[in-house]
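Below are the chains, spelled out letter by letter.
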Amino acid sequence: MSTTTNDTQRRGKAPAGERVADWMDGRLGIYGAAKKNLRKVFPDHWSFMLGEVCLYSFIIIILTGVYLTLFFHPSMAEITYEGPYVPMQGVRMSEAFASTLDISFEVRGGLLVRQIHHWAALIFIGGMMVHMMRVFFTGAFRKPREINWLFGFLLFVLGVFTGFTGYSLPDDLLSGTGIRFMQGVLLSIPVIGTYLSMFLFGGEFPGTDIIPRLYSIHILLLPGIMLGLVVAHLILVFYHKHTQFPGPGRTEKNVVGMPLLPVYVAKAGGFFFLVFGVIAFISAIATINPIWAIGPYRPDQVSTGAQPDWYLGFAEGLVRVMPGWEINLWGHTLVLGVFIPIVLFPLVLCAIGFYPFIESWVTGDKREHHLLDRPRNAPTRTAFGVAWVTVYLITLIGGGNDLWATHFHLSINAITWFVRIGFFVGPVIAFIVTRRICLGLQRRDRDKVLHGRETGIIKRLPHGEFIEVHEPLPQDQLHKLTAHEQPQPLEIGPEVDENGVRRKIKRSQKLRARLSKSYYGEGAYIPKATAEEYEEITSGHGHH
Amino acid sequence: MSTQDIPEEENLPAEQGAKDSGEVAVPADPFADPGVPPHELRIQDIDDKAARHSERVVATLFTVSMLATVGFIASFAALSVDKIIYVFPLGHVSALNFALGLCLAVALFSIGAGAVHWARTLMSDHEIVQERHPIEATPEARAQVFKDWQDGVADSSFGRRKLARNTLFGALALVPLSGIVLLRDLGPMPEDKLRHTKWAKGKRLMNQNTMQPLRPEDIPVGSLTFAMPEGMSEHDHDFQNQIAKAALMIVRIKPEDIKDKRSLDWSHHGIVAYSKICTHVGCPISLYEQQTHHVLCPCHQSTFDLADGGRVIFGPAGHALPQLEISVNAQGYLEAKGDFAEPVGPAFWERG
Amino acid sequence: MKKLSARRRHPLAAVVVLLFALAVTGGLYAAFAPADKAKADDSAQSLTIEEGKKLYAVGCATCHGTGGQGSTDGPSLVGVGSAAVDFQVSTGRMPAQQPGAQVPKKKRIYSDADIEKLSAYIASLGPGPVTPTKEQYNPEGADIAKGGELFRTNCAQCHNFTGKGGALSNGKYAPPLDDVDPKQIYEAMQTGPQNMPSFPDTTMPTKEKQDIIAYLGEVNNSDKTSTPGGMELGGLGPVTEGLFGWIFGLGALIVVTIWVAARTAKAKKS
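Chains as they are written, first to last, in the numbering used here: chain P, 1 to 544; chain U, 1 to 352; chain S, 1 to 270.
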C-alpha cells in the first residue's frame, strides 16, 4: 500500500503496489493529486463529523435501495393477495403493495433491508438538518464557502423530495393519502393546476401511472442529481480545506489537525461502519412504516394520524393551520387555503438557503473566513437562526397536532390556534431572547478574561470578609476568548457633502445601513476586554 | 471607533482592537496567540504494555466482527423467515429480522470501533499545521485569462457575424420545444372529468359493508354508513378512480336539527348523504361526531357541520361538503336523484 | 463540601442541574397530574338494595333524571337499550366523574350482577339495542382480512389503522382499542357511545361485526400481535418514527461522533 514513496531505484523489482501505482500515474497522473492530499490536514471536532453522518447514510440508502429494486414491482395493477400474512389474505391491492409485503414477509432479510433503507433516510435528512445548523451557527458558510452551502442546501431540498417519493412507493393507505394530498396541492395551483394533475397522474386520481412515475423519479432522477451534488460538495470541502474553531495556533491562514493518512482514513472510514452499525441496530429493534398494519391504498379509506415523514412535517403544519380561504371570481377558483402554505413552504426553506448572501451584503464583509465564529459572538445571526428553527418547530407541532392533542390531553383546535399565533409571534420572541442570551454570554466571557475563572473556593480574609478566589485564565483561554473581531456598522455618512451638495442616497443603502446597525451597532455586542483593561485589573488587585 | 461610508465596492468593516491573531502587536499583549500547544504523549506512546493492550482491544473488536458475520450467515440459513419470538422489551418480533439486524450491527460497528480505537491510541497524534493558500488568482493570471477569452471571442467572429449568431440563438431557443411537446401525452386534458361521478338519477345507495341496497329504516339517528353507487364493483378496472369521487357518507339527523333548508329538502326524513371526499385536498373525511353532527378530516382537521349543509366550521377547507340529493324509490330503497350538483373533492381553478 | 463547591463550577454542572430540574419537574407533574383511576364509590359498595331501579336512583338519577328522562347534566336513557348500559358501566365510563369534553374509560365500579340489573331497568324504559350474547360477539372463525377492510372503511378514520386511537375536535378523542373486550367492541358499534356514531345490525350485520372483532384481536392484542420489525413505537406512524429517529438514531450517532473526535487521554494530565 506504499503509494506514497516513489523510489527510483530497482526499477522492475519494485513491490507490486508501487508498480500498480506507477502504471496508474502514467495514465491518470495520480501522484500529482496524491501529493497534495494524502497528508491533508483535517481539524478534529465532533460537529465536523455531522456531514459524514449524512454522506454515509446516503451511501447506505443507495446500497439498500439497489437491493430493494431487485424485489419491488412498481406497478399499480390490482391483484388479490395470497401470501403468508393472514390479515391481508384475499384483500385486493396493487402489485407495488403486494411486493412490499413480499419483501417484508417472504424475502429473508428483506424486512431488515427495508427498515435500514427507511431509517437511514430519516437519519440522512435529520443529519443534513443538524449539519446545516452547525454550519449556520458557526458562520462556516461565509466566503469562500457560499456555493458549497448552496450545494448542501439543494441536497437537503432534494433529499426531502426523494424521501417523499420513496415514502409513496409502497402504495399503502398512509402513503396513498400523501399522494392524494399532493394531487390536491397540484389542483390548487392557479390556471395550470388541473392540467398538471392530469399529466402527472396520467388522468384522474389515482389512475395507474403515478407509482411507476414516482419510481423512476425516486430511484433515478433525484438520486442521480444528488450524487452529482454530493461529489461536488466533497470536492469543494477538499479544495477549500476545512474550517476550524479559534484557539491557540489556529489562524485564518492555517489549518491545524490530523493528516488524512492515516488518522482520517481510519477515523472517517471507521465512522462509516459505525454509522451503518447504529442504523442496522435500530432496524433490528424498531419497526418503521409497517405497511402490513396500514393496509393497501383505497381512495375512500383513511386512518387518523395521517402524517408525512418528519421532514415534511413542517409543510404539513403550514397546511393544517391555514384558514380555509377560497376566492371565486369570474368562474374561477383561487384556492388560497392550499396554495398559500405551498408557497410558504419553499419560502421558509429559502430564507435559510439564501441567508449567506444576505449577510455578506448587509455586513459588506467580502474577506475569506476560515476561523469559525462562536455563535454568541454573532448575536444577530444566531438569533435569526434560532428564530428560523422556532418557525420550523412550531409548524412541526402543527403537523402533528392530532397526536399532540391525544397524548397531552389538549384540544386540536387550541393547538391549531397556538400554531397560527406562534407562527408570527414565536420567531420574534426567539430572536429577542436569543440575542439577549448571546450578549449575556459575551459579558460572561469578558468577565472571565478580566477577572479569571470562579473557582468555587471561598476564602476568609483576616478582617472577616469572605471572598471567592478567582483563578486567572491560562494564555490559550485568554486568546480564545478575545480572538474574535467586533466590526463597526456601515454608515451612510452625512446627507450633505462638504461642499453643501446633497448626496443621493439609494433606498437600498439606507436599508443596508439599518440592517448593518442591527448586526454590528449598539447593543449587538458587549465590547470585549482590551489589553489595557486587563493590565489595569491584573496589576491592581490580584483578585476580585 | 471610526465610522465609514457605505463603500461602492467593498472594503473591510473597521475592526476594533485591530490585530490578526498570531501577530503580536504589543510585546506584552496579554491575549497574544500562544501558538499550537506542545504535543503531549499518550500512555500508549510511552508504555509499551498499554500500547499492546490497545492493539489487543482493536484485534478483539475485529474478531468480534468476524464472528458476527458468521452469525449473520448462520441466522440466515437457520432461521425461518416467519418465525416470531418474544424479546423483552421489543415485543413479538421476527426472529430473523432481529438476529440478522443485530449480527450486522455488531459486525459493522466493531469494524468501525476497532478502526477508530486504533486511530485514537496507536496512530500518531501529532497535530500538523498546514498553510492555506489563497483561492483567488494572481492579477497576472487574471489578466491572461481575460486576454485569452477576448482572443477566443474575436477569433470566433461571434460579435461580427450577427446573422449567424442570431439564428444560432433562435435554433437553440426552439429546439427544447420538441422535448416539451413530447410530454403532451403524459395525460389527457381535464375536460369535465372532475365534475362528474358515477352517481346518477335512480342509482340505489349500496351499503359498502354488505353491498346491499339501503332502505331508510336501516339507518337510525346517530348511525354512520358508507355507500357507493349501484353497479360499481371492486373488480372494475376503474374502481379506484371512481370510488375516489363517488364515495358517500350517510347519516341520519332529526329533521328539526337540520338548519339548512336546502339540505333538508335534499334529505329523506333526515337521512343526509354527503360526499366522503374532503373539499380541502381530498382525504376521505368521515370522523363523524354523532352528538354534534360535526365531521372532521383526519388529514388537516377541516371540520364540517352536516346539520348545516356541510358548512366548514374549522380548518383549511374552503367550501362546504357537496350533498347528494336522495329519495326513496318504489321498492322502498334509497336512490340518488342525480349526480352531485357540484364537483366533489378539492377545489381547482376551473371549478368556479 | 469543598469538592462539591469546586464541581459547582464545572462546565458540565449546568447540564447536571438541568437534568436534575427536569427530573424533579417530571416527578412533580406525575404526582399532581389528574390520576385516571376513579375512586371506588363507597355508596355503590355499601348498597344492598338489589333492584336496578334503586341502583339507578343512587348512581345515575342525579344526571339522567329520576325516570331516565335526562337532564341538563346527562342525556335521556329512554330507548338506549341494555347494550348501551352494559358498555358504559362495564368500561367504567359511567358513572361519570366530572363533566368534560368526553367521559373517559376508568376502573369499573359496578359488578356484573349490578350491571345486569341496571340494564334491565333501562331496557324497560323503552326498546333499544340488547346486550349481545356470546355467540354474537365471539370472533372465532370470522374472516380477519375482511374485518381489516371493514375496519379501514368504517373505523380507522377515528381509531387509527390498528386501533391506537386518535383525536377528534375540541378535545374529544377516539379511544385506543388495545385489548378491549370483544363484547364491548360489539356494544360500541351497536350503540354508538358518546360521539361515536352507531353501526347498527341493519347496516353492519353481526357477521361483519365479528370480522372486525377478529381483525382487532389479530392486530391489536398485546399477547398475540406480532410486530416483526421490532418495537411498535406506539403504532402511530411517522411522528413517533421521526422522534425515535432523531433521539435514538441521530442522538446515538452524535454520541459516536463525540467519541471519534475526542482527544485521547494524555499520559501526564489527570
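In case anyone wonders, no lab produced these hints; they're calculated from the structure. One or more of the hints may lead you astray.
[Unchecked claim] List time: in silico EDC-like cross-link candidates among lysine to aspartate or glutamate, alpha-carbon distance up to 20 Å:
#	chain 1	residue 1	chain 2	residue 2
1	P	Lys366	U	Asp125
2	S	Lys207	S	Asp181
3	P	Lys40	U	Asp125
Hint by hint, which ones does this structure get wrong, listed from lowest number up?
-> Those not satisfied come down to hint 1.
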